[in-house]
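Participant: Okay, here's what each chain looks like letter by letter:
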Amino acid sequence: GAGVSQTPSNKVTEKGKYVELRCDPISGHTALYWYRQSLGQGPEFLIYFQGTGAADDSGLPNDRFFAVRPEGSVSTLKIQRTERGDSAVYLCASSESNTGELFFGEGSRLTVL
Amino acid sequence: EDQVTQSPEALRLQEGESSSLNCSYTVSGLRGLFWYRQDPGKGPEFLFTLYSAGEEKEKERLKATLTKKESFLHITAPKPEDSATYLCACLFGSARQLTFGSGTQLTVLP
Chain R
1 GAGVSQTPSN KVTEKGKYVE LRCDPISGHT ALYWYRQSLG QGPEFLIYFQ GTGAADDSGL
61 PNDRFFAVRP EGSVSTLKIQ RTERGDSAVY LCASSESNTG ELFFGEGSRL TVL
Chain H
1 EDQVTQSPEA LRLQEGESSS LNCSYTVSGL RGLFWYRQDP GKGPEFLFTL YSAGEEKEKE
61 RLKATLTKKE SFLHITAPKP EDSATYLCAC LFGSARQLTF GSGTQLTVLP
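Just so you know, the sequences run in chain order R and H. Residue 15 in the numbering used here sits at position 15 of the first sequence, and the numbers go up by one each step. Residue 44 in the numbering used here sits at position 44 of the second sequence, and the numbers go up by one each step.
Some clues are possibly wrong.
Stated by the list, open to error - 25 Å max Cα-Cα, derived DMTMM-like pairs, lysine to aspartate or glutamate: (1) H:K42 x R:D63; (2) H:K42 x R:E44; (3) H:K57 x R:E101; (4) H:K42 x R:E96; (5) H:K68 x R:E106; (6) H:K63 x R:E101; (7) H:K42 x R:E106; (8) H:K69 x R:E20; (9) H:K57 x R:E20; (10) R:K11 x H:D39; (11) H:K69 x R:E101; (12) H:K57 x R:D24; (13) H:K59 x R:E96; (14) H:K59 x R:E101; (15) R:K11 x H:E15.
Said to hold, decoys possible - Per the computed footprint, the stretches of chain H lying under chain R, defined by three or more beta-carbons under 8 Å from a beta-carbon of chain R, are: (16) 43-52; (17) 84-98.
Derived by calculation from the structure, the hints in this document are not laboratory data. Every residue gets a Cβ at the ideal spot worked out from N, C-alpha and C, and that includes glycine.
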């Protein structure tokens with residue numbers, strides 16, 4: 001694909017359930033980022049991958065959040081025991097290098113009832 | 001604490017009415033300031049990178065400028081299709097990730 005692909009585009013779940021969000025970056029992009037965006041706010045950093053390893057996970061809010069990128073391409077953001085406060089749009093972005101010029105997907109909108 | 005603040009939160013312009021959006025930052029070791037455009041239901045789209053005070057970048061009706069404390073996004077003779085949220089972000093110190101402001105929601109009325 002030409003751009004960053006995120007699935008699902010919308011996810012509605014109940015409080016306490018487990019959720020996985022998937023990101024397929026632009027082919028060849030080694031850097032991958034997850035951000036979270038609440039209504040009326042800018043994106044908030046969660047985690048950054050360089051290749052397969054999580055180079056910086058300082059933005060993950062607590063240990064219910066976890067992300068993997070096992071083969072250095074597709075990444076999955078995993079949220080355990082979801083809470084209503086986790087409701088937001090989760091954005092994935094990739095880049096060729098760590099220059100700040102990021103290519104974003106359209107996001108996965110998570111609603112926790 | 002490193003902060004990125006955008007103003008105004010929202011701006012309504014008539015088509016052809018030029019204006020500016022502001023992004024002020026208090027960060028240590030700024031390595032780059034970035035402007036993104038975000039349409040409803042979409043991810044942000046990269047517009048410009050500015051690296052040093054005095055630098056300017058232009059694209060169609062948009063011009064971004066940078067000083068030691070703030071950046072401006074000037075919009076000349078805007079059209080309705082320029083309506084979007086404009087996000088400013090900073091890359092600072094040894095951080096690998098961007099720190100975003102809250103954005104300015106621009107509406108251009110025909």
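Participant: Quick one: which hint numbers does this structure break? Sort them smallest to largest.
Facilitator: Hints 1, 5, 8, 9, 12, 15 not satisfied by this model.
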